[in-house]
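Chains as they are written, first to last, in this note's numbering: chain A, 1 to 319; chain B, 1 to 274; chain C, 1 to 553.
Hints in this document: simulated from the structure, not taken from any laboratory.
Take these hints with a grain of salt, some might be off.
Said to hold, decoys possible - For lysine-lysine, the following DSS-like pairs were computed, each having C-alpha atoms within a straight-line distance of at most 27 Å:
#, chain 1, residue 1, chain 2, residue 2
1, C, K34, A, K134
2, A, K7, C, K123
3, C, K50, C, K101
4, C, K247, C, K50
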Amino acid sequence: MGSPILKLIAQRIALGILLLLAVSVLIFAGTQILPGDVAQAILGQSATPEALANLREELGLNQPAIVRYFQWLGGVVTGDFGTAMTSRQDIATAIGGRLWNTLFLAFWAAAVSVPLAIILGLLAVRYRNGPVDKAISGFALASTSLPEFFVGYLLVFFFAVKLQWFPGISTVYDGMPFLERMRAIALPATALTLVVLAHMMRMTRAAILNVMQSAYIETAELKGLSQLDIIRRHAFPNAIAPIVNVVMLNLAFLVVGVVVIEVIFVYPGMGQYLVDHVTKRDVPVVQAVGLIFAAVYIGLNIIADIAAIVANPRLRHPK
Amino acid sequence: MFDLKNITPSAWVGLIVTGLFVFSAIFAPWIAPYGKAQIVGGVWEPMSSQYWLGTDNLGRDLLSRMIYGARTTVFIAAMATALSFSLGAILGFAAAVTGGWFDTIMSRLVDLLMAIPTLIFGLVVLSVLPSTVLTLILVMGILDSTRVYRLSRAVAVDINVMDYVEAAKLRGEGMGWIIFREILPNALSPLVSELGLRFIYAVLFLSALSFLGLGVQPPEADWGGMVKENKEGIVFGIPAALIPAAAIAALAISVNLVADWVLNRTTSLKGGRG
Amino acid sequence: MAKAAVKKQHDGKLLEVRDLKIEATVYPPGEDPKDVTIVHGVSLTLERGKVLGLIGESGAGKSTIGLSSMAYGRGGVRITGGEVVLNGRDILKAGRGGIRKIRGREVCYVAQSAAAAFNPAHKLMDQVVEATVEHGTATRAEAEKRARALFRKLSLPDPDNIGNRYPHQVSGGQLQRVMTAMALCSEPDLIVFDEPTTALDVTTQIDVLAAIKDAIRDTGVAALYITHDLAVVAQVADQIMVLRHGKLVEWGDTRQIIKEPRQEYTNKLVSVHEIEHQEKTPGASPVLSVQNVTASYGGGMDVLKNVSVDIYPGQTLAVVGESGSGKSTLARAITGLLPPRNGSIAFNGRTLSNALRERTRDDLRELQMIYQMADVAMNPRQTVATIIGRPLEFYFNMRGRERDAAVAELLDKIEMGKGFADRYPAELSGGQKQRVCIARALAAKPKLIICDEVTSALDPLVAHGILRLLLDLQAEEDVAYLFITHDLATVKSIADSIAVMYRGEVVRYGSKSEVLAPPFDDYTDLLLSSVPEMEIGWLEKAIGGRRMASAGN
Numbered sequence: 001m002g003s004p005i006l007k008l009i010a011q012r013i014a015l016g017i018l019l020l021l022a023v024s025v026l027i028f029a030g031t032q033i034l035p036g037d038v039a040q041a042i043l044g045q046s047a048t049p050e051a052l053a054n055l056r057e058e059l060g061l062n063q064p065a066i067v068r069y070f071q072w073l074g075g076v077v078t079g080d081f082g083t084a085m086t087s088r089q090d091i092a093t094a095i096g097g098r099l100w101n102t103l104f105l106a107f108w109a110a111a112v113s114v115p116l117a118i119i120l121g122l123l124a125v126r127y128r129n130g131p132v133d134k135a136i137s138g139f140a141l142a143s144t145s146l147p148e149f150f151v152g153y154l155l156v157f158f159f160a161v162k163l164q165w166f167p168g169i170s171t172v173y174d175g176m177p178f179l180e181r182m183r184a185i186a187l188p189a190t191a192l193t194l195v196v197l198a199h200m201m202r203m204t205r206a207a208i209l210n211v212m213q214s215a216y217i218e219t220a221e222l223k224g225l226s227q228l229d230i231i232r233r234h235a236f237p238n239a240i241a242p243i244v245n246v247v248m249l250n251l252a253f254l255v256v257g258v259v260v261i262e263v264i265f266v267y268p269g270m271g272q273y274l275v276d277h278v279t280k281r282d283v284p285v286v287q288a289v290g291l292i293f294a295a296v297y298i299g300l301n302i303i304a305d306i307a308a309i310v311a312n313p314r315l316r317h318p319k
Numbered sequence: 001m002f003d004l005k006n007i008t009p010s011a012w013v014g015l016i017v018t019g020l021f022v023f024s025a026i027f028a029p030w031i032a033p034y035g036k037a038q039i040v041g042g043v044w045e046p047m048s049s050q051y052w053l054g055t056d057n058l059g060r061d062l063l064s065r066m067i068y069g070a071r072t073t074v075f076i077a078a079m080a081t082a083l084s085f086s087l088g089a090i091l092g093f094a095a096a097v098t099g100g101w102f103d104t105i106m107s108r109l110v111d112l113l114m115a116i117p118t119l120i121f122g123l124v125v126l127s128v129l130p131s132t133v134l135t136l137i138l139v140m141g142i143l144d145s146t147r148v149y150r151l152s153r154a155v156a157v158d159i160n161v162m163d164y165v166e167a168a169k170l171r172g173e174g175m176g177w178i179i180f181r182e183i184l185p186n187a188l189s190p191l192v193s194e195l196g197l198r199f200i201y202a203v204l205f206l207s208a209l210s211f212l213g214l215g216v217q218p219p220e221a222d223w224g225g226m227v228k229e230n231k232e233g234i235v236f237g238i239p240a241a242l243i244p245a246a247a248i249a250a251l252a253i254s255v256n257l258v259a260d261w262v263l264n265r266t267t268s269l270k271g272g273r274g
Numbered sequence: 001m002a003k004a005a006v007k008k009q010h011d012g013k014l015l016e017v018r019d020l021k022i023e024a025t026v027y028p029p030g031e032d033p034k035d036v037t038i039v040h041g042v043s044l045t046l047e048r049g050k051v052l053g054l055i056g057e058s059g060a061g062k063s064t065i066g067l068s069s070m071a072y073g074r075g076g077v078r079i080t081g082g083e084v085v086l087n088g089r090d091i092l093k094a095g096r097g098g099i100r101k102i103r104g105r106e107v108c109y110v111a112q113s114a115a116a117a118f119n120p121a122h123k124l125m126d127q128v129v130e131a132t133v134e135h136g137t138a139t140r141a142e143a144e145k146r147a148r149a150l151f152r153k154l155s156l157p158d159p160d161n162i163g164n165r166y167p168h169q170v171s172g173g174q175l176q177r178v179m180t181a182m183a184l185c186s187e188p189d190l191i192v193f194d195e196p197t198t199a200l201d202v203t204t205q206i207d208v209l210a211a212i213k214d215a216i217r218d219t220g221v222a223a224l225y226i227t228h229d230l231a232v233v234a235q236v237a238d239q240i241m242v243l244r245h246g247k248l249v250e251w252g253d254t255r256q257i258i259k260e261p262r263q264e265y266t267n268k269l270v271s272v273h274e275i276e277h278q279e280k281t282p283g284a285s286p287v288l289s290v291q292n293v294t295a296s297y298g299g300g301m302d303v304l305k306n307v308s309v310d311i312y313p314g315q316t317l318a319v320v321g322e323s324g325s326g327k328s329t330l331a332r333a334i335t336g337l338l339p340p341r342n343g344s345i346a347f348n349g350r351t352l353s354n355a356l357r358e359r360t361r362d363d364l365r366e367l368q369m370i371y372q373m374a375d376v377a378m379n380p381r382q383t384v385a386t387i388i389g390r391p392l393e394f395y396f397n398m399r400g401r402e403r404d405a406a407v408a409e410l411l412d413k414i415e416m417g418k419g420f421a422d423r424y425p426a427e428l429s430g431g432q433k434q435r436v437c438i439a440r441a442l443a444a445k446p447k448l449i450i451c452d453e454v455t456s457a458l459d460p461l462v463a464h465g466i467l468r469l470l471l472d473l474q475a476e477e478d479v480a481y482l483f484i485t486h487d488l489a490t491v492k493s494i495a496d497s498i499a500v501m502y503r504g505e506v507v508r509y510g511s512k513s514e515v516l517a518p519p520f521d522d523y524t525d526l527l528l529s530s531v532p533e534m535e536i537g538w539l540e541k542a543i544g545g546r547r548m549a550s551a552g553n
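Isolated chain A, as found in the complex (with noise of 0.2 Å):
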């Protein structure tokens, strides 16, 4: 045993790479169908043809796309993003404080949403379609509804406005000590658990109800298992990958989340750092941020293709 199942792991990851490399090239193509080209959106339409011809040979952009390309991409492997073209910033310096910073919120945001999430998701099961079953599927039908904005706005006025329980802007900085960081990111942690949370519950609830409606699950019921032995031995080792693979698929949710959140609560991170230079235009950022919210996308997806793959008996003891 051990081998077919590495050799699958093996592949999903290098299929991973291999479609990371594929996005590289969309993402890179993607800010190239501008209609002119960057010299031209920086410098206006009243540019100088001289000025342009200089911009653009500063910007290497007289070399064909697909050089451009790859000196791009070599760049990126070697954690060079290259520097911003506003604020002629080293784009990777710019990230890294910034990137912490992110996943630091969306960590917190994701300890509190998936163990929450779980636990409800396996009490909707366990009293399905009761009253407290339906209040949670009507929660979540609701809030999958609800636009970010409206829930982080919604809490900044009633606890950092009315109550003043928190600060309504989260401002952070090095060095900032553990607990006041903590109280400063409370509100749009609360507010990504509660994006995140409905869905992530839904998902839940419906994998283990899936599992608990094997055939499996009455041959147990008819051993004269308890319940809790029943889901103990019999429902959870096969709801783990199901589980595994919805909390993995929510936090890829999580992260686009981020994005607004950050501009709601103006938080230092990399959503926000994105939106302004989107509104900059400025491209080689939009093309670095856009990249690596890619490959933390594409990461969790692989890791959760990964956990299924494991938690297979089939692969796990093949015949």
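Got chain A sorted already, so can you dock chains B and C onto it with the hints?
What follows is chains B and C alone, placed relative to chain A:
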């Protein structure tokens, strides 16, 4: 297709609220008390008999802007949904029925597009394209069509292997009969419900873009943009930004209720009448 | 085993069910949910060490009654009245904890699909001994020893190590026996067997059946044996209870039920297999001639190897084989859905193109097909009139009133009234659906109809009606059938010639009388001897006289 008496109470709520929004979107110029960019009073005036929802950050009537906003939001979202739906469904069905290289290429391409979160990809593209209504519709429609493609292909593949489709093929029926008479009638109910979900997604996506300042540009009114315009008021305890945000939520929830009902109702039929 | 011996001494009643009433809530489309009664006051008694067969068609309530002996209702089914007295107490009043102590200890269950009933995540041994250890009737080591002894008794291969395998690593027939071992392991007083051999191939079924029978005899356990197949239950049961629509029809000793049934319905069930069919002699030239056809899916292993058969006008060729024998693949090759790699197919004197899309419309019309699952063979969104009318429009350009008249005539032929024209498939019974499919095939005025297991999803009496209809239509329309089946009883009723297939090859081919007369090749012998006969003691005779191990094991 549907009996009135079979509409559940929650579906009624959904239908009425959705209808109300669509009505104000269509008849905006006739029902809005003031013009959409007309400055009528002070900044952020509270709700009053004169300004039912108060005024906004520039002193424009919030209710009028909400009504005009409904127009922009619903229009763009509807167009994007129509685009994503026709594109996704046609390509998805074609891929399922023809199979072969067309299916493979289309499916890999969609996998690739879906490997990037929609919002991120949208932002990347909008960093170089101007935020016009047409661009928005195209970007949203094309990105979202990947989801429709996946669903329609999956549904059509399931139906395509049914014995009754095989029987039609053995009879010598052409592609047209097989797609429109054998497959489509059986694929309709999941697709109709998906239509609602795609519309909600388009509303939320557009609002997010406008909120980030990359969607509909001022002075044009749309709900996401209105949240952005009025968000500074929140810290002063002025809830003006919450009103358009709540409207988005209300629209999304009511469409969701309708879609949910359509799905429940049609799946319980398992074919036959209805 | 000492304890089992002690138990056996307590003679007398083990299980007594009194006036059992079971209800369920159904959700009919477009209507409010309503409660229906699925078992109407059934009573039964079972003595220690005896086997009671519960028999009936689908919807008879036999599984529901069987599970009530464990105080269990499947999928929203509720026991609403009556008593279930097991070992002297009413288990319906035992409460949650009380029932838990009974399940897996006094009563155990063997499901129809062991493949689904085993947890894929655990080794077989862990699952086999689980109930025994849970109820504390034996230590883990004792239980495992007992399990290995049971594996041996049930003639499982490698009985000492098979417990270390996972469910997916074991074949279906073996899994069914492991499940029987699981039920026996905690030495219960009663086992409920719920169609334990129905999903198996016929040659595998006989092994599992024999193993179950031996195990029941040697351990002295009592059993409720649920099945729709009277011949099967006649081999294992001491008594048989015939059920219909949740009501008792007849209850008596096995010999009395199969030899001297007192009720009309039982009599029909007993005599259902017999249709006298006079074999026709082959005509001058075949309507379909398959020559040396070899085919495979996507360039893989050959699933059809050098197959040659002929079918004569107005006659029936039955193709018999178990799952994986290639019989359905043969149908796909003939219809053009799977173009053969080698060989040729001649139809009506001309050579058919291999691929479907190159065939002429007349070739398509004259070669029709009827499927096993009638409910997925009809578009659920089309009415019966559209389903039957479409071939008329398509091949004969019939429209309007002319077509409607032709549809009415076809409905008449399949013994259904005009009123069915406006119905949707969901509004028909299983037998009616299959009739509509027959009418659709007939509408094309074909020379040959391929019937792919057309009766195997139907209850015996309904299947019987379909066979009779097919025979009548053959006499009227002079249409030939290629009849694919795994059921030899059906073959005897309908075939003029027979081809026996095994692993992609035709191993025996000829007229019905030739094929069914000795001397047999080993596989045909196995196949013929595996078909349960409604005769007590058949099983022992059949097992004793076999020359070849079962095909699938």
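Straight-line alpha-carbon gap A/K7 to C/K123, limit 27 Å: 24 Å, holds
Holds or violated: C/K50 and C/K101, Cα atoms, limit 27 Å. It holds: about 23 Å lies between the C-alpha atoms, which stays within 27 Å.
For a C-alpha distance cap of 27 Å, please report whether C/K247 and C/K50 respect it. 22 Å, holds
When you check the alpha-carbon spacing of C/K34 and A/K134, does it fall within 27 Å? 21 Å, holds
The structure fails none of the hints (numbered hints given earlier).
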